[in-house]
Amino acid sequence: GQQVMQIPQYQHVQEGEDFTTYCNSSTTLSNIQWYKQRPGGHPVFLIQLVKSGEVKKQKRLTFQFGEAKKNSSLHITATQTTDVGTYFCAGFYSGAGSYQLTFGKGTKLSVIP
Amino acid sequence: EPEVTQTPSHQVTQMGQEVILRCVPISNHLYFYWYRQILGQKVEFLVSFYNNEISEKSEIFDDQFSVERPDGSNFTLKIRSTKLEDSAMYFCANQRGGRETQYFGPGTRLLVL
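In order, the protein sequence lines correspond to chains A and B.
So for the first sequence, the numbering used here puts the first residue at 1; every next one is plus one.
So for the second sequence, the numbering used here puts the first residue at 1; every next one is plus one.
Treat the hints as calculated values from the structure; they're not laboratory data.
Glycine residues also receive a C-beta, built at the ideal position from the N, C-alpha and C atoms.
Do not take every clue at face value.
[Stated by the list, open to error] Here are the simulated distance ranges between beta carbons:
(1) B/Q41 - A/E15: 38 to 44 Å
(2) B/N51 - A/Q14: 34 to 40 Å
(3) B/R96 - A/Q58: 36 to 42 Å
(4) B/S27 - A/K57: 37 to 43 Å
(5) A/A78 - B/G16: 47 to 53 Å
(6) B/E3 - A/Q3: 17 to 23 Å
(7) A/E15 - B/S27: 37 to 43 Å
(8) B/I20 - A/K57: 27 to 33 Å
(9) A/E15 - B/G72: 44 to 50 Å
(10) B/R80 - A/T20: 39 to 45 Å
(11) B/S73 - A/Q80: 37 to 43 Å
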């Protein structure tokens with residue numbers, strides 16, 4: 001079946017350091033979404049990328065979608081303790097009527113103050 | 001921001017018992033989803049529901065599972081005969097249009113003993 005691989009599984013950083021998580025799919029994605037889940041919480045939508053090579057920024061967060069639409073990354077500049085949580089990528093695969101989001105396993109970010 | 005609500009927040013049940021998890025979706029959102037997340041693991045797609053019928057389901061969504069929207073408002077997930085491995089957090093999600101932002105509810109934590 002279709003799978004989205006996400007690395008690393010865990011990341012511990014000092015506050016102020018940068019953080020990056022990567023997602024990779026073996027097949028082309030229609031679009032990709034990123035979610036953040038705080039400990040004990042539910043996934044909260046961050047952003048959606050649709051176009052090949054797209055780059056979007058939200059304050060300290062930069063999201064990229066690969067040219068082949070098979071990979072994506074989320075980069076956080078100068079992490080803060082409020083960035084703690086698990087970041088999931090989730091992709092839609094091409095195909096009429098396919099509305100199933102396939103989630104990566106997530107990257108759990110810990111920020112040491 | 002629109003909110004999805006879910007009840008109950010926690011459910012403890014005996015193996016073999018039936019459970020019904022409820023979701024109150026966002027009005028005017030046409031697509032409905034159920035996901036589950038086993039503790040510490042990724043979010044897994046169970047089923048999507050559109051126009052009063054299942055549009056997609058995963059291999060997890062076997063004959064023990066069913067969904068319905070009985071009163072045109074609430075969206076329910078029923079597990080007919082629970083198993084120990086059904087213990088997980090179950091999230092309902094809504095989407096206004098196909099492949100748009102999915103809004104997740106706070107989840108129901110199901111524990112099967």
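Going down the list of hints, with the structure as the test:
1. B/Q41 - A/E15: 38 to 44 Å: 27 Å, violated
2. B/N51 - A/Q14: 34 to 40 Å: 50 Å, violated
3. B/R96 - A/Q58: 36 to 42 Å: 21 Å, violated
4. B/S27 - A/K57: 37 to 43 Å: 32 Å, violated
5. A/A78 - B/G16: 47 to 53 Å: At 52 Å between Cβs, range holds.
6. B/E3 - A/Q3: 17 to 23 Å: With a Cβ separation near 31 Å, B/E3 and A/Q3 fall outside 17 to 23 Å, so the hint is violated.
7. A/E15 - B/S27: 37 to 43 Å: Holds - the Cβ-Cβ distance for A/E15 and B/S27, about 41 Å, lies within 37 to 43 Å.
8. B/I20 - A/K57: 27 to 33 Å: Violated, since B/I20 and A/K57 (Cβ atoms, about 43 Å apart) do not stay within the stated range.
9. A/E15 - B/G72: 44 to 50 Å: 49 Å, holds
10. B/R80 - A/T20: 39 to 45 Å: 44 Å, holds
11. B/S73 - A/Q80: 37 to 43 Å: About 40 Å separates the Cβ atoms of B/S73 and A/Q80, which means 37 to 43 Å holds.
Violation of the numbered hints given earlier is confined to hints 1, 2, 3, 4, 6 and 8; the remaining hints are satisfied by the structure.
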